[in-house]
Every structure is written in C-alpha cells, then in structure tokens.
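If you read the protein sequences in the order shown, they are chains E and W. Using full-length UniProt numbering, the first residue of the first sequence is number 1, and each one after it goes up by one. Using full-length UniProt numbering, the first residue of the second sequence is number 1, and each one after it goes up by one.
Since the hints were made in silico from the structure, they are not lab data. A couple of the hints might just be wrong.
Simulated coverage check for chain W against chain E, where a stretch passes if three residues somewhere in it have a Cβ under 8 Å from a Cβ of chain E [to be verified]:
| # | region |
| --- | --- |
| 1 | 246 to 260 |
| 2 | 326 to 339 |
Quick list of simulated restraints, FRET-style, between CB atoms [unchecked claim]:
| # | chain 1 | residue 1 | chain 2 | residue 2 | range |
| --- | --- | --- | --- | --- | --- |
| 3 | W | 28 | E | 197 | 49 to 57 Å |
| 4 | W | 252 | E | 504 | 44 to 52 Å |
| 5 | E | 19 | W | 166 | 25 to 33 Å |
All values reported here derive from a predicted model rather than from experimental measurement. By construction, the Cβ of each residue, glycine as well, lies at the ideal position given by its N, Cα and C atoms.
Below are the chains, spelled out letter by letter.
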Amino acid sequence: MSRARLFVLRLAVSAMVVTLLGRLWFLQVVSGERYVQAAADVRIRSVTLPAVRGPILDVAGRPLVTNRTRPVVTVDAVELAHQPDGGREVLTRLGKALGRSYRQIAEKVRSCGPSVPRPCWPGSPYEPIPVAEALSVPAALQISERQQDFPGVRTELRPVRAHPAGASAAHTLGYVQGTEGRDGLEGGYDRELAGRAGRRDVAVDNTGRVTRTVTEVPPVPGNTLVTSIDSRIQAIAERALGRGLRATGGTSGAAVVLESGTGRVVALAGRPSYDPGVWTDGVTAAEYRALPLLSQAVQGEWAPGSTWKVASVAAAASAGYALGATYDCPAGYPIGGRTFGNFGDADLGRMTMHGALVRSCDTIFYRLADQLWQRRSNVPQETARGFGFGVPTGVDLPGEAAGAVPDARSKKAHWRATRAESCRRAVKGYPELADRARAAYLTTIAGENCRGGGAWRGGDAANFSIGQGGVLVTPLQLARAYAAVANGGTLHSPRVGLRVVRPDGTTARAITPPVAGRLPASPETLRFIRQALAQVPREGTAAGAFEGFPFGKIAVAGKTGTAESFGHRDTSWFASFAPDPAYTVVVVLSQGGRGAEGAAPAAREVWEGVLGLRERR
Amino acid sequence: MITMSGRRPLVWAPSLGPPDRVLTLLALALSGTGLLLVWSATRMEGDHGLLVRQAVSAGAGLVLMWLVSRVDLRVLRAYVPLAYVLALLSLAGVLSPLGVRVNGAHSWIVLAPGVQFQPSEFAKVALALAFAVPLGELLDGRRRPGFGGVLLALVLAAVPIALIGLQPDLGTMVVFAAMVAGALLVSGAPKRWLLVLALGAAGAAVAAWRFGLVRPYQVQRLLVLADPGADPGGVGYNSAQARIAIGSGGLYGKGLFNGEQTAGHFVPEQHTDFIFTVAGEELGFAGAALIVLAVFALLWRGLSIARRSASPYGTVLAGSLVSWLACQTFMNVGMTLGLVPVVGVPLPFVSYGGSATVAGLLAVGLLQAVHRTKAMQP
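Isolated chain E (complex conformation):
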C-alpha cells in the first residue's frame, strides 16, 4: 500500500475520532449542566403533599371553619397501568363495591389532556387520585380490608372543611376548591390558611414506576385565622335577617354589625345564602350556577334612601347652612317644572335639621340641593365620598362592590355610552316587555335620552340628596359611615380578621382595621347628627318599631331609609348605632317595603339579642 493511501486512511480515522471526542466534550463538559437538569426532569417526579388548612375561629375562639377527616378511596394510576389489563379488572371490582360502573371510575382516573373530555384527573398521575369521596366508613373498611382484591387502590382519611355553625356566614367564610381558598375569608386569607404544601421527589424509571424517594419536604400546616366575628351575634343577625325577610316578603338582604370605634366586623349576614358544606362533596356545574354566591353585605348595592341624609346634613353644614336654623318642610318642592314631594306628600311645617332627620323630611333637602345645584356646588358629592361612598371599603373580603356616587360627569358619560341604545329603543320600543305601561314609559325615557340629555339637572341633585337617583351603597359601606358618625368621625377600612395565629399558638400577625379617612364634618355637626338620630327610634320614624325598647340599657340611635326601586317594591333600610356596646348595626331588606316597617324591627331584634347576651353574662 502506498504511503499516500495509508495517510488518507489514517487521516480519515483521526478525523473521525476527533469529531467524536469534540462532540463528546461539547455534550458532557460544555453543556453538561443543562443535561444534568434535563436528566432530572426526565427521572424525577414531584408529588405534592397537601398541607392541613388552618381553621377559622370567631372572636372567642369558637370554630367557624375547621377540618374533619373522612374516608376517601384513591387509586394509584401508575400501579394500575402496570397491571396486565391496565387495571380494568380492579376498577371494575372497585366500581361494584362502590355501586358504580367501571366507566364512572375510569373517567375519574384518566389524566386530563388536550383530547381527553371531562371528567378527568387534572393532577399528577403520581398522586393518589380520589375516586370516591362521599363514602361511608363501612364501605371504606370493606375496601381496605380486602387489599389483595384491590391492588393499587387505597383508602385514606383526608381532611375536608367542616362548618360547625352550618350555613351561618357562608359568604363571609368563603369556600375551598381543591386546595385553593375562594371567596370570603378562605379566599382573602388563603395564603395564611393554606400553609405550605410539601413535596416528595421520587425517582421513576422509563415506565413511570417509582424506584425510590429522592427528597421529601414535609408540608407546613396553615395558620389559624381568628376573626372579630362573634358567632353568637352572627347567629342573632342571621335569624333577625331571615325573620325580617319572611315578614316583609323581601327577596334578599343583609345585616352588618361593626364595632363602631375600631371598624372590626362583628357579624356579616347575607341572604340568600347556602350551606358551605356543599363544597365538601363537590358541586356539579348546574348546582354551581344555582348557588347564591353573592355576598349581599359587601357585594349587594342598593339606593340608600333616607339613611343617606346624614351625608346630606353634613354637606349642608359644609355649604354653610346652619343646622339649628328652621327650614320649611312643605308637602312638595318644585324643580324644573316638576314637583318633588315628601313621603306621603305630607306638609310637616317648619323645623330644624334635627327635625328633618328625626321625621325624615325630604323637601328641606330638595330645596338645599336645588340651591347648591344652582351654585354649581359639588359639596354633596364631595361629602358623600368623604363618608366613604363610591369606593370599596377595602374590607378583607374579595369581590367587594364600590357603590355609586353619581355626579355631572358620570351622568354625562353614562348618557354617551347608552345614547345609541336609547335611540334604538326610542324607535323600536320594548316589545319584549309584557307590562305595556312600563314599556311605554321606558320608550319615552329612551326618546328623551336619544334627543338630548346627560346634563346634571336640579332634579338629579334633589334625588341625590335623599339617596336616590343613581346613588348606590353596599350595606358595609353604610355601616362604616354610621360607625364613623358614632365614633366621632374616623372612617375605618373594616376587617373581619383579628389575628393570624401559628399552629404553635404564637401570633403571626395582628390585624388592625386601617383608618381610611375622616368624615368631612366637624365634631359639632356629628354631635348634632347623633343627637337627631338618637330621637329617631324614640319618637321619630322608627318609634313604632322600637316601641318599648329598653333605651336605658342600650341607647340605640338610628335612621330609617325607604328607597324607591323602579319596578320593584321599596328597599327597606335601618342604620343604627349605640354608645355601649359601641356597635353599628345596619339591616337592609331588598323589596322589604318601608324602612320603619321592615328593616327597623329586624335591627331591633339584633339589638335585643346583643342586650340579651350582655345580661346573660
């Protein structure tokens, strides 16, 4: 063989070796780290170890939400997959034991994927998959005792949320879906209640079988949330609200009890409500849609009616009107060619602002509103915002509504946004409405709004002054405004949570309701308002409801409100407070009629309940 040809071959072999070694160096040394990670990704599977969720307690440590254990049948999908028939026989047998078909069980076990229809298992196949949750203990024992018939099937006790007080405060407490707190305190304090899930990293082989545990981080149990809720007062409020709705035929409502001086929430009731126990066994889509999940106390918005007048009085004082001066309270007051009447069109004669609050005169406020409107004053709106209306209170519950404080700008914006629809309706009318009179009325309004409008008129200002005309408040907003009136003007951002306690009993953090602002009213104005409101249940609009009430024991002051709701019965309000115990109690009954007849008796029931508790002690 010639030297040249040998050289060619040696060169070829050398080139080959250099190529392989170069590539080997690149893979193992240059990018080795990356492949170490990739290898771990291939080999290591993480299993979540759920943490026990912390309980929620009331102010005295009574449980509102706790955990209880109950038997759950779970399936190890990997182990089933390794059985010769893919686990079909075992699941069929399991189905028989649970009274279900193989299909029903298999659907729960299959892993979710792009082409897999629900139901399916959304978690890791390395975690035990629950196939039967609402299980009786005997049924669970039957399966656990015949382990040899059910390879890959386990029964274990799993913690689920328990609600010792039943349906009480369902919205405030919220619920847990999977391991995630949703709504209410469960949602708002989810991070603290949830604890930290642990993690077990297991090594698996190419078929997914677990070969060993690599590392294990144990779960950290969640913290306990102590709330300022007094479960006894909560129960009283629930009962009063329920009775009030039944008595008036109201459709929904709320009752709020706050500590006036601190802004802490003592009770928060809302109707319609539901039993939070429904979440434990899982709800179907249809059941979910039917659940009344809206928390009326923080998410319900209604026109406040005359309860709003505390803000209007403060606005009058700010605008320079003397509260002690006498004003005429005629049966009606004309604005822009239309007469705005008193409730029941009664002429109440001359009175001070004190009388206007006690007897709930409307025409005095119409006149003031008209005069302020003519001065282009925005003192009413500014005062209302200063009372905390139109913005969320910042309570520690998710999904809170903001209410509405309408003004010239918002009216214009709304008019612009709806003008096209108004013009369409002006031509087409409302053929879908069965009530022809209502349809005709709406068509007329639509016509007016199409031709022009959007201007803030004297009538708007008048309606605004008595808590109508687009004014909306949530029960909690009204309660904190009244609490501020009661406490001398400090507006709090209410808190349900009192402190977060670690599992070892030490306090992780104390929760203080932050101060959101000061009422735009002088101490004298507030004292004036308090004195007026003190007369309301004694001799004013709520005197009937509070007849025989032991004012000597609890000096309840309050204000009725009856808000018109177009097409519905009136919204019934009563907002009240007392110096001792320094609580603020607000009750609203939607479609509950007059404030004095619906909400005021319910509020009285709450106060009497509070008194009863105090006297029992």
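Given chain E's structure and the hints, the job is docking chain W onto it.
Only chain W this time, still in chain E's reference frame:
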C-alpha cells in the same frame, strides 16, 4: 465460521511471526469494558441472564480470535469461497421463514429456541475475506488490481449488499459500502475508478431519495438529526434520551453502576446499540473518551498491519476490516451523540449481542493473522 476454526494440525503453520500484543490487549480491554457496561445496563433486570450470555459470547469470540490468529493467511484463503457462499445462504435465509423480524428488519436466524444469530455480522467477515481475493491476488508483475479484479470485487460485494437491503438494514449496508471503499482504496485501484465509483454512489443515493426509495422512517431519522425536537415519541425520543444520559455524565461520570438514567432505562436499547450512553453517563467524558481512544488505537494498529502486510491480500483484508470497525464505531457513537441518524449498528466489542461480539473479535483475529503471516520464503 466453524469451518474456519481449523482444528486439524494441517492448518497450524509453523512459520507465523509473533502476535501484536497491543492489539490483543486492546481487544481484551474493550471486551471487558463491554461486559461491565452490559452488566450496568442490565443491573435492574433482576437476574444476570443477559450478562452471562454476553460473557459466553465474549469468551467464545476470544477463543475464536486466538484460533484464527494462529492460521496462515494462505491456509485461510482456501476456505474463503465456502465462507462467502455460506454467508450468502444465511443472508438469504433470514428472508425465508427461518428469519425473525427484530425492530422492523429481518436480520435473525433462529437455529433453536434461544440460539439465534445475525448472519449480517458474519457476512462482514466473509465479505472482507472475499473482496481481498480479486483485489489482493494480483497477477504476476502487477502492483495494483486491474479492471477485471475491481469489477469482480464489486460483484462479490453487490450480492450481499442487495440481500441486506432486502431485510432492510440500512446501517449494515453503509458498513458494507465502507468496507468496499476501504478495500478498494488500500488495494491500489486507480484513483479515477475510485472517483467514478464515489460519484456513482452519490448519484445512487440522490436517486434513491428522489424516487422515493428511501423509506419514511429513514427520512424521519434524518429529520430528527437536524431537529432533535421532531418526532418526540419515536426515534427523536431515543436520540434525545441518549444525549441526556451522556450529557448528564459530565467530566468524570456518576460512577459505574451509579447512572440514574441507566437505572431508569430511559434510553431504549441501552445494552445493545446505545451502550455508549451507559459509558457516557457512568464513566463521564474521561471514560467515554478512553473507549473511543482505545478503538482509535486498535484501528491505528490495524492500519499499520495493513501497511506492513507481507502480501497484497493481507493489505486489502486488513484495510477492509479496519474500514468496517471504523465505520461502525463512528456510526454507533455518532448516533448516540446526535451526529449521525439513528441506525441500528452495534458498537464493536462493547455492545451486547453474540453475533456482533464474535464477529468483531474474529476481525481482530484476522488482523493478527495478517500481522503474523510472513512472506513466502523463496
């Protein structure tokens, strides 16, 4: 191959020179490494059945290597036609009902349950021996093969290549082609013929591609090479897992029997065609490079043997044997490293597989025979 073992005293040639001890040591070292890696790759199986089988194969291969290394080439030459015909018959046999399909190719013959062999491995030996006849047995006074010799060699190669193509076994076809090229190169065939043949081969490859003679799975394997993410469920998975296992070994590896990817069997065929991934993961760059360098040293010595051979026949035989081992090593290691499409060829001496192990050691034995056969004394 039994026919070539030659136990009769007649074949014991007294004129043999001393063996190349380095060559023997390299073959022993690679076989030993192979046994360790097969052990590691199959350690999770529960029993040592595969390891024992491989040990038996390696033992048999080493005995055959020793026997063949003691045979004078001229004696061996007498059995070449028989070996060639047997190779052709067995290659045809795999296509008959005797053959067994493994991984999509008919490449096995089952003699009895559990006793099976891969004719294509032994065909490599037979082909190396057969080529060398027309290319190395030159007429008096010639220094290089004539046109007739080259043509005959090509014909001798074409028949087994065609039979392999019917299995189909693309990897082995490429190895055969490399052997033909290596043999022609060292035989001294004129450069222009080599050029014409190279162009012809390239043309055939293009034609095969253009006229759809390449099977879809082969196209897929090429695509996977260009884009490792393609076909994650199929051959891309294999390729990606191989690279992960090797890459995670780092500079010094995780230690023999400590490879986690190996333990988890993430690389399919990790004891056979992908045995190099076990070396890469457990022995790291240091160990894997040492294996490549050991093969390199073996090839280098093989080329020296080809150069120094007393006869042109020995030169051509050694040249085609070296080409075989070089091509197969490059394809196998290159495939695990993602340099070459995934083709099923074993790593010589190291991969699990009786036929391949025995054939590889036989090749070393033949190299020794070339080395030890002295020139005819006048």
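Cross-check of the supplied hints:
1. With 7 residues having a beta carbon nearer than 8 Å to a beta carbon of chain E, the region 246 to 260 of chain W meets the requirement of three or more and the stated coverage holds.
2. Judged by the Cβ-Cβ criterion of 8 Å, the region 326 to 339 of chain W is covered by chain E as claimed, because 8 of its residues qualify and three suffice.
3. The supplied range of 49 to 57 Å is met by residue 28 of chain W and residue 197 of chain E, whose beta-carbon atoms lie about 55 Å from each other.
4. About 46 Å separates the C-beta atoms of residue 252 of chain W and residue 504 of chain E, a value consistent with the hinted range of 44 to 52 Å.
5. Between residue 19 of chain E and residue 166 of chain W the beta carbon distance is about 32 Å. The supplied range of 25 to 33 Å therefore holds.
Hint compliance for this structure: every hint is met.
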